[in-house]
Amino acid sequence: MTDIATPTVEPMTSGSRGFDSQRALRVAPVVVILVLCIVLPLMLSEFWVDRITGWIPLAIAALGLNLLTGYNGQISVGHGALYGLGAYTSAILVGDQGWPLFLAVLGGALVSFAAGVIIGLPALRIRGLYLALVTLSVAVLFPELVRQAEGLTGGTGGYYITEPQVNSRGVVVDRPIRLEAPEWTGLANDQWRFYVFVVIAFACFVLARNLVHSRTGRAMIAIRDNEVAAEVNGVNVARIKVLTFGVGSALAGVGGGLYALWRTQLFPQSFTLLASFYFLVAMVVGGPASIIGPAIGAVFYGFFADVITPELPERVKPATPLILGVLLIVLMRVAPGGVVGLARTTMARFAVARAAPRGADSESAAGEDETASISRSEE
Amino acid sequence: MADFFRYLVIGLGNGAIYAMIGLGLVVIYRATGLLNFSQGEIAMFTTFIVWSFTQAGIPLWASMLLGVVAGFLIGVVLQRVIIQPFGDPHQKPLTLVIVTIGMFLGINAFAQLIWGTDTKALDPLFGNGQFEIFGVGIAWQKVGALAVLAVEVVVFWLIFQRTKIGLAMRSVASNSESSALVGIPVSRVLMIGWGLAASIGAVAGTFTAVDRGVDSNLMILTLIYALAAITLGGFDSLVGAVVGGLIVGIVTEVVPRYVDFLAKVPLAPAFALILIVLLVRPEGLFGTKRVARV
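Those protein sequence lines, which keep their order, are chains A and B. The first sequence begins at 1 in our numbering and counts up one residue at a time. The second sequence begins at 1 in our numbering and counts up one residue at a time.
Quick caveat, the hints were computed from the structure, so don't treat them as lab data. Glycine is no exception: its CB is placed at the ideal position from the N, C-alpha and C atoms. Please note that the accuracy of each hint is not assured.
Interface residues of chain A toward chain B, partial, derived using beta-carbon atoms under 7 Å [stated by the list, open to error]:
id : residue
1  : VAL140
2  : VAL206
3  : ASN210
4  : GLY302
5  : PHE303
6  : ALA305
7  : MET332
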């Protein structure tokens with residue numbers, strides 16, 4: 001089940017060279033993204049800040065999917081259901097139970113974690129194609145169940161996170177509960193919301209990075225590359241797989257909870273099979289088995305859905321998933337490592353070319369060989 | 001009791017449709033070890049083609065046959081253009097899962113692009129009439145679906161057991177490397193397998209469309225039922241697809257009638273079936289048990 005994995009290219013770096021350009025190249029995108037995150041809300045209009053805020057939950061959910069599928073090799077076609085579960089749980093905790101917003105997101109994450117573990121247990125016996133089949137069914141089943149549980153979720157009519165409030169004319173109206181900027185920040189609500197989401201997302205990404213680089217993370221990758229070999233080497237396969245399913249789902253739950261806070265209204269049709277497919281698109285475009293990949297993929301998807309699609313003529317709009325579908329197929333063919341994979345390959349070629357400046361003829365050939373054969377160990 | 005009998009027949013009629021999609025899935029799985037998640041969408045697409053032919057004044061049954069031919073061509077093209085370049089799916093099953101999901105997205109959107117998002121009506125192939133048996137009215141359409149399924153099974157059986165191409169397909173399914181060595185054009189055989197699998201979609205779609213109309217979501221639920229059917233019957237068994245389809249049809253029709261909280265979620269029993277079978281007997285009722293060598 002190693003086939004989605006990116007052939008990770010991590011060329012040898014000589015530490016004695018003073019300026020470590022490899023490390024700089026790896027850190028650069030993170031710095032660029034952070035700077036953009038700080039600057040963008042101050043420059044863009046309220047409308048666009050709000051839109052971009054909506055891309056963050058997608059990035060976190062895609063990160064969860066990436067841990068599960070990219071790093072651990074367990075394919076989930078149903079991550080939209082866990083996202084939806086987190087969203088509805090958080091929304092109901094806020095709207096019906098009156099929980100504080102962040103606690104509600106945490107609650108959503110915990111419920112998704114539990115659901116992930118419950119799906120992860122049978123996944124120990126059901127793997128590969130069969131797991132894809134089961135998760136696909138979960139994805140189709142979820143919106144049906146939401147429609148059915150009308151008393152709790154509002155069914156097809158949707159769930160609105162609101163509280164009754166007396167307005168200026170003394171009439172009681174339902175006001176959506178949203179994150180609002182505290183006085184001392186001097187920020188507009190949309191900017192505050194964006195920054196809060198970014199901080200949560202950053203925490204999730206750092207958490208995922210540390211997890212992947214830990215003993216557990218190496219076990220996850222070992223299971224993906226060769227389950228039997230991992231088991232022989234003393235990895236507790238069952239524990240790691242269930243744990244990964246739980247953590248991947250919890251991240252989907254956090255994403256869902258933030259989505260609920262952002263939209264303040266939820267409809268079952270937002271969490272269909274298509275949602276699960278879009279997470280896959282975000283993961284594959286950004287780069288499976290990379291930490292920053294899902295963020296890049298989410299930005300790509302958001303840009304595609306919010307910036308490009310509205311520009312298209314009305315008649316062509318239904319065709320946008322067509323473009324995503326074709327992109328998915330083409331990427332799997334030419335760049336299974338997504339954007340990050342392409343960047344890694346390019347960097348490796350660059351490094352090889354620099355390491356052997358005299359063998360000008362063999363440069364490109366060596367580059368090909370290197371990318372194909374360099375050990376796939378992660379970092 | 002009369003009610004139960006009626007649900008049973010309705011369930012069998014629906015089950016025939018699931019079995020048809022299941023047959024397509026099994027044909028591709030046997031030949032290539034690939035689970036084609038876009039099977040339902042191909043069927044939906046060809047059903048739109050059937051609808052377009054009826055709009056041109058061609059009788060429904062003839063349109064359906066034209067849809068079958070169109071489905072065959074679509075299957076051939078998809079295999080050649082998209083699947084073939086990825087090589088042997090046994091080597092990288094997950095890559096091909098993602099590829100078929102890409103096809104799912106693409107075909108679904110392409111149909112909306114061509115035919116729009118309105119639901120189109122399609123007449124029942126066997127009319128709206130019904131006949132009575134033991135005082136229970138039974139629609140001809142449901143019996144017709146079973147009859148058509150029977151015809152399909154016979155045709156498939158003849159192709160697989162009595163033709164040279166069928167022999168080649170069985171050979172490739174059993175061992176594609178050895179088949180190539182004895183001179184079977186493996187790639188062309190796989191192409192024809194895809195064509196066959198895609199061709200029956202038009203028939204399944206024409207039956208599904210009667211109750212709910214044709215739109216781009218036509219086959220999404222049917223696909224899950226068909227997947228449940230082949231899980232139950234065994235991924236590599238044609239008999240299993242038929243028996244599994246009929247059982248899933250009955251279960252998803254009868255259970256929600258008697259269990260209140262499932263009334264609107266007929267998908268739930270199908271899902272439970274998938275989960276239980278995969279956990280208890282992953283090879284299904286008629287499938288070949290797979291033993292992995294370590």
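Status of each hint after checking the structure:
| no. | hint | verdict |
| --- | --- | --- |
| 1 | VAL140 | holds (5 Å) |
| 2 | VAL206 | violated (28 Å) |
| 3 | ASN210 | violated (26 Å) |
| 4 | GLY302 | violated (17 Å) |
| 5 | PHE303 | violated (18 Å) |
| 6 | ALA305 | violated (13 Å) |
| 7 | MET332 | holds (5 Å) |
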